[in-house]
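Add chain B to chain A, keeping to what the hints say.
So the sequences go chain by chain: A and B. For my numbering, count along the first sequence from 1 and bump the result up by 9. For my numbering, count along the second sequence from 1 and bump the result up by 16.
Treat the hints loosely; a few may be bogus.
[Unchecked claim] Quick list of in silico lysine-lysine cross-link-like pairs, DSBU-like style, CA-CA up to 30 Å: (1) B/K142 - A/K155; (2) A/K154 - B/K142; (3) A/K88 - A/K155; (4) A/K154 - B/K98; (5) B/K245 - B/K26; (6) A/K155 - B/K98; (7) B/K131 - A/K133; (8) A/K293 - A/K155; (9) A/K120 - B/K231; (10) B/K142 - A/K133; (11) A/K154 - B/K139; (12) B/K131 - A/K222; (13) A/K26 - A/K133; (14) B/K97 - A/K154.
Calculated from the structure, these hints are not laboratory results.
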Amino acid sequence: MEDIKAVDVMNYPFTAKAVKAWNAREFQIMARTIFKVPAGKSHTFATGRTARELVADMDAAGYDKVFICATRMYSYRDKKLIWDHQERDVYNAIKECPDRIIGIAGYNPFKIEESLHKIELAVKRYGFKGVYFHSLGFNLPLNDKKLYPLYAKCQELGIPVAMQTGHSLEVMPSDPGRPIYVDEPALDFPNLNFVLSHTGWPWCEEFVAMAWKHPNVYADISAHMPKYLDQSLMRNMDSRMQDKVLFGTNGMDFKLVKEQFLALPIKDETKRKVLRDNAVKLYKLS
Amino acid sequence: MVTQVKAPVKAIDYMNYFLTPTVKGNWENAKKSEITCRIEQSLAGGGLPSQTPEEMIALMDQSGVDKVFLCSCIMFSYWQKKVIMEDSTEDIAKVLKKYPRRFVGMTSYNPYRIKESLETIEKAVKQYGFKGVYVHIFGFDMPLTDARMYPLYAKCQELGIVVSMQVGYVLEAMPSEHARPILLDRIALDFPELKIVGSHTGYPWEEELIAICYKYDRVFFGADAHRPKYWSESVKRNISSRLQDKCIFGTNGIPWNIMLQDVEGLGLKDEVKKKLLHDNAVRLFKLES
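Just chain A, with the same shape it has in the complex (with noise of 0.2 Å):
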């Protein structure tokens, strides 16, 4: 099989200063539980890169473009932001690269009209390609009416919204990311592409449905290794949903999660399309 060049459609800002955002409470909270490092240890999640180190870490593990999200994470316990990043810097961090590292801008549902006007400079002028959008800390359902302009102003730009579904790993309410919830403002605006982040795991059908019944709604496998892929899903992205379904990292490994991608027991033409050719075509990259 040919060696194809992934794209990868989850990542997030990775230089020095960026990285510091792992330091949040909440992220200290997931290493303690989730990777078992001992209390009062604190866990590198992230080591800071520039942009020319982090396109030869691509070139070392076969990829092409990676997204990079200017995500805004909200601490569901001390309701303030514990990320912030800004379009401004990430596009300061990626403009020497531009075939190569992809922005992604942003929302806070709490500043609509701020987040509007950031994202509409950031696409006009900065060239980004999507939104991501991270709901949970927030606690706001993916049909909250708050999230509303958000998707009015992503069609207006002709530009697709990606946003986290499936449970929280950090400590934040999981129920505002259920898939089911986009079935609705998929109905609402028929002519934006919205894009199912994260497996949507433990509600991997209800990811699976979404993306199958509308035309407007894709799906991507980030966040988890592959080969804790779910069944189901695998099952569908290797047959009716070869079209649907795009790949990401979430910031985990490049080698490693496209080693174990490609290790699946799918067709070839599936690990071609999800790999790179559904999120050039979704994305209009070239």
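Chain B alone, transformed into the frame defined by chain A:
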């Protein structure tokens, strides 16, 4: 020696329609089911007049009305689940082009057609100079705070235009509770730059509308659609006191001479009357005088 005579206040009617034959046809059709005849009775019977802009201007001059807002009004049938009054933005735009000093345009919104509506609004504002959007929510059977309304508020905030919404009960055969004025509270909070008019006095929940207008600088009290002589004591008191900079006069199609005669009968101070009939609307909608 010349005696100085105070010029009478030239009124601005912020709430009226352009009754093209199409709009009138829609109305006649709707009358067969959900438009109750109470409305026409309140218009002194005899059906709605279909008027040309020239006929309107002649009447405006006779009645001392300087400017009239032509509101496109998309009305949805609660019973038939379809649009019964269509968007008339393009017809209104033609009138504005011909008589820019006398008419002001308000476009409309259909929450079941978000994309198309937002495109119409953008065009109406940028190309035709419309000053806002008028919303008739009732037949859609969703509250003013519904998710499908939020793109409208974001767009109006972005464009710096006013959203005017009928609040209070509705005379047509549609449910009223989705337009309780208190719903404007959350909208104003979620859109901190948005300018809002609660139209039709909010009756029978005028106190809710008064409370919201009192609380927010940018929420205005639409004193229209009910004859001033029937306005509640509280409305009348607020118009001449703490809400005197927040009330704007409109007719909703009730003849100008009747409405203005009623206003005269309220015994307002000259200064308050001028604000109600003219100044507040000029300021809110940034009108040229």
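We went through each hint and held it up to the structure:
For a cut-off of 30 Å, the pair hint linking B/K142 to A/K155 stands: about 26 Å separates their Cα positions. Distance restraint check for A/K154 and B/K142: the Cα-Cα separation of roughly 26 Å lies within the 30 Å cut-off, and the hinted pair is therefore satisfied. Using a Cα cut-off of 30 Å, the hinted pair A/K88 and A/K155 holds, with the two alpha carbons roughly 16 Å apart. Straight-line distance between C-alpha atoms of A/K154 and B/K98 comes to about 23 Å, which keeps the hinted pair within the 30 Å bound.
Taken as a hint, the B/K245 and B/K26 pair is honoured in the structure, with Cα atoms around 20 Å apart against an allowance of 30 Å. Distance check on the hinted pair: A/K155 and B/K98 sit about 27 Å apart at the alpha-carbon level, within 30 Å; holds. A hinted pair counts as satisfied when its Cα atoms are at most 30 Å apart, and B/K131 with A/K133 qualifies at roughly 20 Å. A C-alpha spacing of about 28 Å is found between A/K293 and A/K155, which places the hinted pair at or below 30 Å, so the restraint holds.
A C-alpha spacing of about 21 Å is found between A/K120 and B/K231, which places the hinted pair at or below 30 Å, so the restraint holds. Among the hinted pairs, B/K142 with A/K133 is consistent with the structure: their alpha-carbon atoms are about 19 Å apart, no more than 30 Å. With a C-alpha separation of about 24 Å, the suggested pairing of A/K154 with B/K139 holds against the 30 Å cut-off. Our distance criterion of 30 Å between C-alpha atoms is met by B/K131 and A/K222, whose separation comes to about 21 Å.
Note on A/K26 and A/K133: the hinted pairing holds, with a Cα-Cα distance of about 25 Å set against a maximum of 30 Å. Of the pairs offered as hints, the one joining B/K97 and A/K154 holds, with about 23 Å between alpha carbons and a cut-off of 30 Å not exceeded.
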